[in-house]
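Undergrad: Whenever a hint applies, use it, and build me the whole structure from the sequences.
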Amino acid sequence: MRSFAYQRAADPSAAIQALAAADAGNNPLTEAEIQPLAGGTTLLDLMKLDVMRPRAIVDINPLSPAWATVSLENGNLRLGAMVRMADVAANPEIQQNYPVVADSLKLAASAQLRNMATLGGNVLQRTRCTYFRDVSYEACNKRNPGSGCAAMDGFNRTHAVLGTSDKCIATYPGDFAQALIALDASVDITGKSGTRTIPFAQLHKAPGDTPQLETMLMPGELISGFTIRGRWPRSAYLKVRDRRSYEFALASAAIALDVQDGTVRDARIALGGVATQPWRARGAEAQLKGQKFDDALAERAAETAFEGASARRHNEFKIALGKRVVARALHQAVTMEI
Amino acid sequence: MDDKTNPRSLSAFNRRSFLAGAAGGAMFPLAARAAGSATSTIPSTQDPTLPVPVTLRVNGHDNSLNIDARTTVLDALREHIGLTGSKKGCDHGQCGACTVLIEGRRVLSCLTLALSAQDHEITTIEGLSNGERLHPMQQAFIDHDAFQCGYCTPGQIMSAIACVKEGHANSDEDIREYMSGNICRCAAYPNIVAAVKQAAPEILSG
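Protein chains in written order, with my numbering: chain A, 8 to 345; chain B, 25 to 230.
Worth double-checking, as some hints may not be accurate.
A few chain A residues facing chain B, derived, Cβ under 7 Å [to be verified]:
1. Met8
2. Tyr13
3. Thr48
4. Asp52
5. Ala73
6. Thr76
7. Asn122
8. Asp249
9. Ser252
10. Tyr253
Here are the simulated distance ranges between beta carbons [to be verified]:
11. A:Arg9 - B:Asp198: 37 to 47 Å
12. B:Asp71 - A:Asn151: 22 to 32 Å
13. A:Asn81 - B:Glu156: 56 to 66 Å
14. A:Lys212 - B:Gly191: 32 to 42 Å
Quick caveat, the hints were computed from the structure, so don't treat them as lab data.
Beta carbons are placed, not taken as given, at the ideal position from N, Cα and C, and that holds for glycine.
TA: Encoded structure:
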């Protein structure tokens, strides 16, 4: 690990001031010379791998507990960015009213990592693409813009089939983000000029020609919280992976439904493990709305969810697997007791 | 080695006390006795090439160190304080061998900066026993032969204690799920599950 200067921010304004001192110019935020440290589970890992090389670290852990509150008021859920994953997964009210949120966190990482990682850091976690994480591969457009993509013709079994570009096929690895995007969550971003709120769906960027630009955050900006409007008791997160526990998704689905008398009034579907960014399947949702639910409808929606999917040599199976995951998760959400 | 860095006087000779004692002179070149770091003021390090004073509270004892800002809790424990029970497996947060409790929560000491862990109570495998009397989870691992090579065992035991206290040791399935962050290359998993089950009631009632 390269050496860095360390400072601990006493409060949000100190943190923002310290982070904003890094004038990144046109560089991506992930390359900024000053990085915030929360749970550290991504940052320290990638610093040990020499993938991230900050010259200074601003420890924002003192922002807990101010930014670590959970509130469920007026039918809306507000989650502070510094809440640890495990604390949301274990919250009985969230388990009851937002099972897709609780399950997406419970099924991620390990108990230790969930105790450490914050919600804000979780949605910003970096891809697990082997060629990104190993600096001995020179070609990585995300890590080394313009250098090419070693994954294109490498072992790309875990790579994305949706939202890819000819520059990058790295999978977005997170689970919680799928619950957020499915439920139309908003994200609060705090910076020098105060706090602004944007749809969570606008936080992450498609790789396109600039896979090094992963989010629209600017230096000096921190995620301060998330809001989900309404309650979604009929919701579920289904995650399929190589191991039963402690593994990233090969394919996952976040589902939230409003079903009355067998008819789907509202449907939300997001896909994990198969796309380059948190992925909402709006076409599939449209197919379900207003329809009587049955397995044939679920299968048609699953087909629609993967329209336009594009596989490389080793990840073709993800398209078939992903469709089955969507259909099964829909079935699970429709039949669950609430 | 001063008594600040020696959490417990071990009455019987064993390999660990020998290693810690023998290496004492060489292992603590940066140990600062009077750096004024008993206060809770967190230093800002503007020059990354300089060591920083850090006080870590481990198993009820304060340890004042002068360390590189890059030092993790795991390396501080093993290389500076002389507590080698917490193990370095992957050093990337994937294997669980380095699991310790910070404020009673199980975390990975290899992904925690020592600087971040100041002002927090750290508990390691060395802090579990009551004199010669083992913690119920330690005893249960022996009773059920829940290890072979033993390298992952300190992390398994720290994680298992937290698993029980979190309320996640109610079934075999629960234990397997909530212990999945601790990898055992010898695959002692069935015996680990049995050990956790045995110790759980005693820990919860104690």
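Undergrad: Look at each hint and say if it fits the structure.
TA: Each hint tested on the structure:
1. Met8: 5 Å, holds
2. Tyr13: 5 Å, holds
3. Thr48: Nearest chain B Cβ about 5 Å off; hint holds.
4. Asp52: It holds, given that the least Cβ distance between Asp52 (chain A) and chain B is near 5 Å, below 7 Å.
5. Ala73: 17 Å, violated
6. Thr76: 18 Å, violated
7. Asn122: 5 Å, holds
8. Asp249: Interface hint status for Asp249 (chain A): violated (13 Å vs cutoff 7 Å).
9. Ser252: The hint holds - Ser252 (chain A) has a Cβ within 7 Å of chain B, the shortest such distance being about 4 Å.
10. Tyr253: 4 Å, holds
11. A:Arg9 - B:Asp198: 37 to 47 Å: 41 Å, holds
12. B:Asp71 - A:Asn151: 22 to 32 Å: 29 Å, holds
13. A:Asn81 - B:Glu156: 56 to 66 Å: The hinted range 56 to 66 Å holds for Asn81 (chain A) and Glu156 (chain B), with Cβ atoms some 57 Å apart.
14. A:Lys212 - B:Gly191: 32 to 42 Å: 40 Å, holds
In summary, the structure is inconsistent with hints 5, 6, 8 from the numbered list given earlier, while agreeing with the others.
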